[in-house]
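There are 2 protein chains.
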Amino acid sequence: MEGLSKEETISLRKKYIGESCDLFFHSDPLKIVRASGQYMYDELGNQYLDCINNVCHVGHCHDYVVEAAYKQMKVLNTNNRYLHDNIVKLAKKLAETMPPKLSVVYFCNSGSEANDLAIRLSRHHTKGTEMITLDHAYHGHVVSAMNISPYKIRKNTDGVHPYPEFVHVAPSPDTYRGKYRDCDHPGKDLGEKYANDVKDIIDKVHAKGNKMCLFIAESMQSCGGQVIFPEGYLKKVYRYVHDAGGVCIADEVQVGFGRVGSHYWSFQIQGVEPDIVTVGKPMGNGHPISAVITTNEISSSFAKCGMSYFNTYGGNPVSCAIGLAVMEVIEQERLPQKALETGHYITEKLRELMKIFAIIGDIRGQGLFIGIDLVKDRKTREPATEEAEYVLHRMKQEFIILSTDGPYENILKMKPPMCFSRTDADNVIEKLTVTLKEVEEKQKNGEFAVKNHGADKNHNAVIDDVRPISVETTTVSGPGEPADLEQEDPPTKKVKASEDI
Amino acid sequence: MEGLSKEETISLRKKYIGESCDLFFHSDPLKIVRASGQYMYDELGNQYLDCINNVCHVGHCHDYVVEAAYKQMKVLNTNNRYLHDNIVKLAKKLAETMPPKLSVVYFCNSGSEANDLAIRLSRHHTKGTEMITLDHAYHGHVVSAMNISPYKIRKNTDGVHPYPEFVHVAPSPDTYRGKYRDCDHPGKDLGEKYANDVKDIIDKVHAKGNKMCLFIAESMQSCGGQVIFPEGYLKKVYRYVHDAGGVCIADEVQVGFGRVGSHYWSFQIQGVEPDIVTVGKPMGNGHPISAVITTNEISSSFAKCGMSYFNTYGGNPVSCAIGLAVMEVIEQERLPQKALETGHYITEKLRELMKIFAIIGDIRGQGLFIGIDLVKDRKTREPATEEAEYVLHRMKQEFIILSTDGPYENILKMKPPMCFSRTDADNVIEKLTVTLKEVEEKQKNGEFAVKNHGADKNHNAVIDDVRPISVETTTVSGPGEPADLEQEDPPTKKVKASEDI
Numbered sequence: 135m136e137g138l139s140k141e142e143t144i145s146l147r148k149k150y151i152g153e154s155c156d157l158f159f160h161s162d163p164l165k166i167v168r169a170s171g172q173y174m175y176d177e178l179g180n181q182y183l184d185c186i187n188n189v190c191h192v193g194h195c196h197d198y199v200v201e202a203a204y205k206q207m208k209v210l211n212t213n214n215r216y217l218h219d220n221i222v223k224l225a226k227k228l229a230e231t232m233p234p235k236l237s238v239v240y241f242c243n244s245g246s247e248a249n250d251l252a253i254r255l256s257r258h259h260t261k262g263t264e265m266i267t268l269d270h271a272y273h274g275h276v277v278s279a280m281n282i283s284p285y286k287i288r289k290n291t292d293g294v295h296p297y298p299e300f301v302h303v304a305p306s307p308d309t310y311r312g313k314y315r316d317c318d319h320p321g322k323d324l325g326e327k328y329a330n331d332v333k334d335i336i337d338k339v340h341a342k343g344n345k346m347c348l349f350i351a352e353s354m355q356s357c358g359g360q361v362i363f364p365e366g367y368l369k370k371v372y373r374y375v376h377d378a379g380g381v382c383i384a385d386e387v388q389v390g391f392g393r394v395g396s397h398y399w400s401f402q403i404q405g406v407e408p409d410i411v412t413v414g415k416p417m418g419n420g421h422p423i424s425a426v427i428t429t430n431e432i433s434s435s436f437a438k439c440g441m442s443y444f445n446t447y448g449g450n451p452v453s454c455a456i457g458l459a460v461m462e463v464i465e466q467e468r469l470p471q472k473a474l475e476t477g478h479y480i481t482e483k484l485r486e487l488m489k490i491f492a493i494i495g496d497i498r499g500q501g502l503f504i505g506i507d508l509v510k511d512r513k514t515r516e517p518a519t520e521e522a523e524y525v526l527h528r529m530k531q532e533f534i535i536l537s538t539d540g541p542y543e544n545i546l547k548m549k550p551p552m553c554f555s556r557t558d559a560d561n562v563i564e565k566l567t568v569t570l571k572e573v574e575e576k577q578k579n580g581e582f583a584v585k586n587h588g589a590d591k592n593h594n595a596v597i598d599d600v601r602p603i604s605v606e607t608t609t610v611s612g613p614g615e616p617a618d619l620e621q622e623d624p625p626t627k628k629v630k631a632s633e634d635i
Numbered sequence: 135m136e137g138l139s140k141e142e143t144i145s146l147r148k149k150y151i152g153e154s155c156d157l158f159f160h161s162d163p164l165k166i167v168r169a170s171g172q173y174m175y176d177e178l179g180n181q182y183l184d185c186i187n188n189v190c191h192v193g194h195c196h197d198y199v200v201e202a203a204y205k206q207m208k209v210l211n212t213n214n215r216y217l218h219d220n221i222v223k224l225a226k227k228l229a230e231t232m233p234p235k236l237s238v239v240y241f242c243n244s245g246s247e248a249n250d251l252a253i254r255l256s257r258h259h260t261k262g263t264e265m266i267t268l269d270h271a272y273h274g275h276v277v278s279a280m281n282i283s284p285y286k287i288r289k290n291t292d293g294v295h296p297y298p299e300f301v302h303v304a305p306s307p308d309t310y311r312g313k314y315r316d317c318d319h320p321g322k323d324l325g326e327k328y329a330n331d332v333k334d335i336i337d338k339v340h341a342k343g344n345k346m347c348l349f350i351a352e353s354m355q356s357c358g359g360q361v362i363f364p365e366g367y368l369k370k371v372y373r374y375v376h377d378a379g380g381v382c383i384a385d386e387v388q389v390g391f392g393r394v395g396s397h398y399w400s401f402q403i404q405g406v407e408p409d410i411v412t413v414g415k416p417m418g419n420g421h422p423i424s425a426v427i428t429t430n431e432i433s434s435s436f437a438k439c440g441m442s443y444f445n446t447y448g449g450n451p452v453s454c455a456i457g458l459a460v461m462e463v464i465e466q467e468r469l470p471q472k473a474l475e476t477g478h479y480i481t482e483k484l485r486e487l488m489k490i491f492a493i494i495g496d497i498r499g500q501g502l503f504i505g506i507d508l509v510k511d512r513k514t515r516e517p518a519t520e521e522a523e524y525v526l527h528r529m530k531q532e533f534i535i536l537s538t539d540g541p542y543e544n545i546l547k548m549k550p551p552m553c554f555s556r557t558d559a560d561n562v563i564e565k566l567t568v569t570l571k572e573v574e575e576k577q578k579n580g581e582f583a584v585k586n587h588g589a590d591k592n593h594n595a596v597i598d599d600v601r602p603i604s605v606e607t608t609t610v611s612g613p614g615e616p617a618d619l620e621q622e623d624p625p626t627k628k629v630k631a632s633e634d635i
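Protein sequence lines, in the order shown, are assigned to chains S and P. Each number in my numbering corresponds to the 1-based position in the first sequence with 134 added. Each number in my numbering corresponds to the 1-based position in the second sequence with 134 added.
Hints are computed from structural coordinates only; laboratory data are not their basis. Some hints here could point you the wrong way.
One copy or two, either will do: identical chains are not told apart, so a pair holds if it fits within one copy or between any two.
To be verified - Only pairs whose alpha carbons sit at most 27 Å apart, straight line, appear in this in silico BS3-like list of lysine-lysine: (1) K235 to K345; (2) K235 to K261; (3) K227 to K148; (4) K140 to K571; (5) K227 to K208; (6) K140 to K205; (7) K235 to K205; (8) K205 to K165; (9) K322 to K489.
From just these sequences and the hints, can you work out the full model?
Below, the structure is given as structure tokens:
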């Protein structure tokens, strides 16, 4: 079995690995055999620039992290029912990056486990049942997290995973492509408009005699299409949720640990104080570790429920040694500052490209979390889905790994390892310029379909053709019932090169 | 923060770690700083014999596993959306230990994630809703797994985590302490009697017009009190479940990878072929890795649901290198054979102790999975809970780590790393002899309460005083309704030194 050829690997994968586990670039997948920093290498020695792996946060195979792991693995790796310094050191270090009230930490193995525990904490603390999530949100693959992940459930075609009645979907506060757009409401406070939709849901919950449990959102929406929330949005939403006795969860699994550059956590950009924060992916630079950080009050309510919380590997000495090492590298190498500088640099370059290429409808981002919204028409903002897929595959041929996301998969996504440099940015811009020129040429030749998806009419109120999902607003009926809105289908794609990586 | 004293560690833990995360020996916890093989060492250099860590399966910090991890960590650790040899090699190796029909593998990070995915697979495959689990079962800490874990939900005192209506609890087929006991039904086929209770549940499901989804059980019940099932039990149950169109899940998270000695998986002892097997804990020797193994048919049904399955760390090259190394060590060091021999050796020694000490009501086990059921009275089988707790703490003073479990926490549990030797067994027997003599002395002096818990009357139909749980049988009403049986409270204990480790 040593040294399998790529064909043998593919053939064994087909035989032994679940079909639902998609490969990037499905029709011509990459076999990656090593990686270092922001670069990955295939079996032929080709070097790829990795623009999307936000898990290998401080750089693939970072020496400092690997050596910290090795050092601890040789000495002890047992569960957290024994006292150990690593767990308390990492908990303290995490708590110190948070608002003072967030001081209690639970360790888990994945973002999914962390969000599941956050749900459990919220339920035991509030005794409420009703949950509000954002449309197109993704919070994890376990059943409880799937329940609050329209990004996933929208794709369910056998009807087996319906939204539970207690889950309410609020519109994603996307001012470019969402329900309320900057172009339709110039000068208006869109944060307030979107927040009012959450308030309306809460009012309906109360009208039915139900009790709020939680509101959960990434503070910048990743899978939803690199959505940066309008100013003031979360502040208002959190106030409404708190007034209703609910708990506010900030899911920082994809967007935390300094990626946004200006702050350590993305909720800080919105100036809010969550009641629960979930963190994961970048935390272990590839090692399975995640955490839930909450208040003394919520932790105490949970303890009173009579059930202990034991997570076999959560907070083990090796995971915590790795978590500590990652946070130390973030500080030592000033990665947030670098993310801010490099993010600013590439965003400016992309804005210059925007002057040349009409296909770029919007550039949005914070630090090294960047989205390029490709459109067929800047006025209608019709998503250029096919074109985005073309760009993705052409960039791969140029040894640059990007991904697409958003409900129309027309948004080019960048969230590279934080060591991503100006030189790398220049490389991306150079290859993207060539590729977009090709796209323009192909558009002229009619090689991409020019059809109106209707995205400009219904905005974010996308409704799946098989599983109706209500995005609740004042004008829409309750959960479970088909929304009284015109319908449109988001394009479906077999090959996904993005999704919750 | 270097070199914290034990007091400082305790104080930081109190401040920063969730109160629900219990420590072993709560009132005087251990600070373990290193471990090797079957031994752990505290901050003073004291050596403890670890009789309970089934996660560090091939021995704490096994060189071969650590070096395999280090080697891979230096080279590549990314997600499974790129082709890699490690994931297909491990999937193939796992599948080769299973019945031929079980050939498709999904990788996750924990037993909880694996059982959650098994539930999802079952739902999409059967389109049924109803699930049958065994009383006192534990299948994980995420919401979906908690739903089928009476072991946990029985302890919920705030009513926030009720059993869903679709979950049905069958009696645990415990022939010593369960509903049907060897003493009450001499010479009877108790496997059949217990299996008939499952059939009755299925009949009731059908009578209500509902459709079966799954039956899940460990093939030997760990948290339930080291329960070895009567011969033929699972064969009959699996047939009833299959006849009803349901899926049978064998949870091997705690009891797999050769622990039982005679077989690689404990379901093989019962001669059954599950439709889904979940594996975890021992798989990574402490590293977070788990897997779901299923059939082509079930995997294909899941793929048809339209939602891809992506697990950020699941099947990454490091996790899989570790999984491969663990399986190689199991083979190279002939650990199942050793478990069989050492398990046989210590069980025989324990049976000799049983002749001396009336407190030992039952010795049961397979390989290095052993339970010692302590009773106040062999005839009534009243659980000797206080005595078990005393033994636990005294053994700790003798530098031997055991745990207690079962609904009455009166069962001394052994599931040590597989390198546990005859010398270690002799050590345990020697210290246990001394301790049990003390217990006898104390019993004579009236230092343990002599009261009848009534365990002999209601057998396994324990009902929590706050959350009524129906153990469904022909004579008991449906789920959610209080069972029409006399009630008794299992003793509650603040300090748990066992639970799903």
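How the hints compare with the structure:
no.	hint	verdict
1	K235 to K345	within (24 Å within a copy, 47 Å between copies)
2	K235 to K261	within (21 Å within a copy, 45 Å between copies)
3	K227 to K148	between (43 Å within a copy, 15 Å between copies)
4	K140 to K571	neither (33 Å within a copy, 65 Å between copies)
5	K227 to K208	both (24 Å within a copy, 26 Å between copies)
6	K140 to K205	between (34 Å within a copy, 21 Å between copies)
7	K235 to K205	neither (33 Å within a copy, 41 Å between copies)
8	K205 to K165	between (30 Å within a copy, 19 Å between copies)
9	K322 to K489	within (26 Å within a copy, 85 Å between copies)
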